[in-house]
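Q: For the record, the sequence lines run as chains A, B and C.
For the first sequence, the numbering used here assigns the number 2 to the initial residue and increments by one for each residue that follows.
For the second sequence, the numbering used here assigns the number 12 to the initial residue and increments by one for each residue that follows.
For the third sequence, the numbering used here assigns the number 11 to the initial residue and increments by one for each residue that follows.
Keep in mind the hints are simulated off the structure, nothing from the lab.
Some hints could be false.
Computed Cβ-Cβ distance ranges for the label pairs, DEER-style [stated by the list, open to error]: (1) A/R176 / C/V61: 12 to 22 Å; (2) C/R111 / B/E74: 29 to 39 Å; (3) C/A35 / B/R179: 41 to 51 Å; (4) A/L350 / C/L60: 41 to 51 Å; (5) A/G202 / C/L60: 24 to 34 Å; (6) A/P275 / B/L165: 53 to 63 Å; (7) C/V61 / B/W98: 47 to 57 Å; (8) B/A113 / C/L20: 33 to 43 Å; (9) B/E74 / C/Q139: 48 to 58 Å; (10) A/D398 / B/L167: 30 to 40 Å; (11) C/V61 / B/P233: 24 to 34 Å.
Computed list of lysine to any residue pairs in SDA-like fashion (alpha-carbon distance at most 25 Å, straight line) [what the hints assert, rightly or not]: (12) B/K225 / C/D232; (13) B/K225 / C/G211; (14) B/K225 / C/T21; (15) A/K328 / A/D290; (16) A/K328 / A/A267; (17) B/K225 / C/S270; (18) B/K225 / C/R19; (19) B/K225 / C/G151; (20) B/K225 / B/G124; (21) B/K225 / C/V154; (22) A/K328 / A/R76.
Where chain B lies over chain A, by a calculated footprint (3+ residues, C-beta under 8 Å) [to be verified]: (23) 33-44; (24) 331-338.
For every residue, glycine included, the Cβ atom is placed at its ideal position computed from N, Cα and C.
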Amino acid sequence: MRGLVCIAAVIAATGSSVHAATVAISCGAVGRELELCREGADAWARRTGHSVRLVSTPASGTERLALYQQLLAARASDVDVLQIDVVWPGILANHLVDLGEAAAAVLGDHAEALVRNNTVGGRLVAIPWFVDVGLLYYRRDLLARHDAEVPRTWPELTATAGRIQRAERAAGSSRLWGFVFQGRAYEGLTCNALEWLASHGAGTLIDSAGRIALNAPAAESIIALAASWITTISPRGVLNYSEEEARGLFQSGQAVFMRNWPYAWALLQDDTSPVRGRVGVTTLPAGPDGRPAATLGGQQLAVSRYSRAPEAAISLALFLASRAEQKRRAIAGGYHPTVPALYRDREVLAASPLFGILGEALAYAVARPSSVTGPAYNRVSHAFANAVHAALAGQSDAASSVRTLERQLRRLQRRGAWTQARS
Amino acid sequence: MSAANTLHARRARAAWWLLAPMLAALALAAGWPLARTVWLSLTDASLADPAGHAYIGFANYLERDAGQWYGVLADPQWWRAVRNTLWFVLASVGLETVLGVAIALALNVPFRGRGLVRAAVLVPWAIPTVVSAKLWAWMLNDEFGVLNRAALELGLISAPLAWTADPRLALFAVVAVDVWKTTPFMVLLVLAALQLLPRDCYEAARVDGVHPVKMFFRVTLPLIWPALAVAIAFRALDALRVFDLIYVLTANSTSTMSISVYARQQLIDFQDLGYGSAASTLVFLTVGLAAIVYLRLARLRPGALQ
Amino acid sequence: MSVARRLRRLTLRALFALLLAAILAFSLFPLYYACVTSVTPPGELFRAALVPPGWTLEHYRAVVTGPFAYSILNSALVAAAVVAVSVGLALGAGYALARIRFRGRGGVLFAILSVSMFPQIAVLAGMFQLVRSFGLFDSLGALVFSYLTLTLPFAAWVLATFARAIPRELEEAAALDGAGPLRIIGRIFVPLLQPALIATGLLVFVAAWNEFLFALTFTLSDESRTVPVAIALLSGASAYELPWGAITAAAVVVTLPIVSLALIFQRHIVSGLLAGAIKG
């Protein structure tokens with residue numbers, strides 16, 4: 002009897018290392034994204050003998066974050082590997098495993114800006130997976146028809162959009178607008194407005210040392226310019242547009258320019274798209290000193306601290322973020338790698354015309370101040386988006402909006418929201 | 012005397028036995044979570060680190076630090092949300108009551124196909140809020156929304172209106188969608204009340220030739236008032252706590268933000284468990300206060316129910 | 011009948027018909043538009059049209075063959091369970107509150123009402139803890155449990171209100187015959203309260219069917235999701251896309267059970283009146 006118990010104990014003790022673990026991963030909610038993730042996960046499962054379970058989470062970023070926080074705050078082990086947005090490492094850092102050691106060998110492959118973004122309090126809490134940047138889409142045919150060049154600065158964009166809109170409306174297209182973007186008071190507006198500010202040298206809100214980096218006069222002038230777009234070259238409804246509404250308008254042929262993420266390209270070139278073959282894409286306009294700016298987006302992979310199979314989970318995350326897997330996803334699904342070297346790979350470049358532009362845009366990418374502000378990031382983003390939205394909606398002028406923003410940022414900073422770094 | 016007492020005592024005990032399961036369920040499912048929220052509102056807990064929190068008294072509600080006021084009660088956005096919510100409740104419940112009674116009266120009249128019309132009237136209530144909010148967002152869209160298109164073609168407006176985007180129009184849009192969605196609730200309850208009314212009153216009145224409008228105000232309304240008052244009470248309580256509709260239609264826009272949307276934003280978007288719990292507790296207190304005021308006004312004493 | 015009188019009757023009838031038409035249009039137009047959108051081909055979706063420009067069933071196919079079908083079953087189960095528990099508990103409570111005079115009655119009524127004042131967001135965090143500690147996370151039981159806070163107060167108050175209106179004589183006669191409270195409820199109140207019971211049951215069913223926040227927070231896997239969450243999670247090929255076709259198709263599919271329930275039960279509201287007529 003005692004012998005049996007002894008054997009059972011030995012088996013139990015060694016079992017954990019040879020036992021095939023089931024890793025639960027939340028990656029992508031839908032369609033192609035989910036498929037690609039499943040293929041990658043299956044490949045890893047075959048290689049390591051573990052099994053993978055895909056957990057579906059809301060497609061909306063804010064809902065997904067809320068779900069993650071609910072799970073992590075309750076120390077649930079229901080999800081081991083999490084796909085997190087580029088602004089979440091600071092928020093979720095306390096619940097995530099430090100990947101620094103395990104990823105040390107491959108960390109050099111990834112873009113430095115992203116690695117820095119994912120390092121909170123000296124710990125690497127997420128590994129970069131794919132990247133997004135803001136791009137300017139334009140109607141090639143309309144620009145050609147009116148002898149216009151692709152605008153290189155924001156004032157040029159304003160002028161060109163206005164000119165083409167007036168000409169087209171006079172010719173009969175009464176519903177055409179010049180420029181559509183994401184103007185609703187949410188994270189998307191933070192991305193848009195950050196591009197405006199950064200390209201004009203108005204700063205990126207908070208710098209990497211936690212100080213407020215806001216050049217008021219420059220910010221005022223660009224926000225005033227943006228506010229002048231409403232009802233002149235942008236419909237008033239843009240004040241409630243997110244990515245899809247803007248794409249819908251542009252795709253049905255009712256806009257000359259659009260600012261959006263790279264995902265829109267495939268949809269615009271789809272067979273059923275009314276503007277198929279007539280769309281061009283380029284980097285966003287620059288400010289007076291000639292430097293454009295594009296907000297950094299994208300997703301990372303992180304491992305939950307409460308996972309019951311941490312080694313397997315880390316292995317899965319690193320496999321999916323590996324160079325080879327990123328190359329496969331780039332060619333098969335158009336997911337932009339976080340490894341700069343891949344943008345020089347011929348096969349990757351051949352897969353989509355977007356990759357050339359993206360490589361360029363990445364050089365001008367600006368990250369939102371999420372890592373330095375940590376859990377307070379959402380408050381900062383909300384204050385920023387609301388201040389800009391009030392100016393766009395005409396509820397206050399640009400100068401007082403910027404003043405309000407400065408005051409709120411200082412208030413948040415004084416409360417020590419982000420100077421208390423939690424490690 | 013003593014026989015009546017024991018009967019009374021026995022009936023009272025029976026009452027408690029009948030009430031016990033329900034009260035237990037409510038205490039567990041509602042009482043405990045609320046108590047925990049109130050406790051959390053007195054701490055500086057954060058979703059990023061829920062275990063490590065310290066008691067800070069009423070600082071989340073109101074505190075003074077270096078000459079500046081902080082806390083929910085010092086936040087102008089909170090008061091904006093309170094104003095939005097009260098406006099929403101008054102407009103929405105008012106319109107729903109009037110429309111609900113009118114439609115119920117119409118449906119009380121016997122006519123062919125009445126069953127189908129009754130089922131049709133329930134449809135707005137039947138569609139999940141999330142779905143109908145998205146549907147209306149779609150219809151109210153300024154560029155490809157069908158409502159703007161129809162109004163333009165009918166010549167009612169000269170340019171498409173941004174119903175959900177324009178801060179001036181958004182609250183109207185939200186009220187309109189809510190009225191559409193919850194009028195069936197009123198209709199159903201008022202209809203049930205109308206159908207339980209004694210018929211002889213009406214027969215007598217018709218024989219006497221009483222005018223229908225006078226009939227309604229003098230006879231019908233007072234008789235259905237208890238049921239109507241309860242319906243209004245619950246609708247108002249629901250409207251004070253409105254979240255789904257506003258969140259889906261206009262997200263965190265400050266021009267339509269209700270107190271629940273504000274509380275959720277603090278709690279979940281800003282991960283501030285302590286501050287968000289304080290906001291949630293204040294929402295509860297606001298709703299409670301409004302309920303007490305309403306009960307007084309409607310002269311609906313809980314003990315009398317009439 | 012004189013010509014003038016006949017004319018007046020006709021005008022009244024016509025006006026009434028117009029009123030009914032307005033009511034129908036008011037209630038049904040969005041559903042009609044959802045139907046139109048649900049059969050519109052994807053390319054035409056961004057054009058406002060009152061009549062479908064094309065015709066396709068692909069949205070319905072996508073909706074019915076996905077995990078969505080499961081969620082309809084889940085919703086039905088949860089809603090039915092909530093109705094059974096809510097109406098069952100509330101019936102007894104309603105009788106006690108309406109008929110039995112006991113000390114603390116006002117307090118109990120107010121306490122029940124006050125539960126309706128709890129905003130969902132205020133109890134969310136605490137309830138999540140409870141659900142996890144009972145091991146109910148990601149199960150339908152969690153939903154039934156949490157929905158009781160939304161439906162019990164309402165059901166209790168409505169049934170108490172309607173019970174109060176029933177004449178005392180019937181009940182007193184039964185009490186003299188020695189019937190206990192349960193038998194009084196079963197034999198007298200239930201038949202007489204049928205319209206109210208059905209109305210309450212229907213409203214509770216719809217409330218449970220449509221609830222979103224708790225369902226989103228307490229379920230994780232596809233097998234335990236309910237309809238509103240499944241619809242909210244419906245997405246197009248990319249994270250940003252809003253598949254209006256699929257959403258409207260799902261909306262149509264989801265509304266049908268409720269409408270059929272309403273059609274079936276609204277007849278009972280009428281027959282309840284005729285059968286259990288309250289004679290003065």
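Q: None of the hints should be skipped; say for each whether it holds.
A: Hint check results:
no. : hint                        : verdict
1   : A/R176 / C/V61: 12 to 22 Å  : holds (20 Å)
2   : C/R111 / B/E74: 29 to 39 Å  : violated (47 Å)
3   : C/A35 / B/R179: 41 to 51 Å  : violated (27 Å)
4   : A/L350 / C/L60: 41 to 51 Å  : holds (46 Å)
5   : A/G202 / C/L60: 24 to 34 Å  : violated (50 Å)
6   : A/P275 / B/L165: 53 to 63 Å : violated (27 Å)
7   : C/V61 / B/W98: 47 to 57 Å   : violated (38 Å)
8   : B/A113 / C/L20: 33 to 43 Å  : violated (22 Å)
9   : B/E74 / C/Q139: 48 to 58 Å  : violated (28 Å)
10  : A/D398 / B/L167: 30 to 40 Å : holds (32 Å)
11  : C/V61 / B/P233: 24 to 34 Å  : violated (48 Å)
12  : B/K225 / C/D232             : violated (56 Å)
13  : B/K225 / C/G211             : violated (33 Å)
14  : B/K225 / C/T21              : holds (21 Å)
15  : A/K328 / A/D290             : violated (35 Å)
16  : A/K328 / A/A267             : holds (18 Å)
17  : B/K225 / C/S270             : violated (37 Å)
18  : B/K225 / C/R19              : holds (20 Å)
19  : B/K225 / C/G151             : violated (51 Å)
20  : B/K225 / B/G124             : violated (28 Å)
21  : B/K225 / C/V154             : violated (46 Å)
22  : A/K328 / A/R76              : violated (34 Å)
23  : 33-44                       : violated (count 0)
24  : 331-338                     : violated (count 0)
Checked against the numbered hints given earlier, this structure breaks hints 2, 3, 5, 6, 7, 8, 9, 11, 12, 13, 15, 17, 19, 20, 21, 22, 23 and 24; the rest are met.
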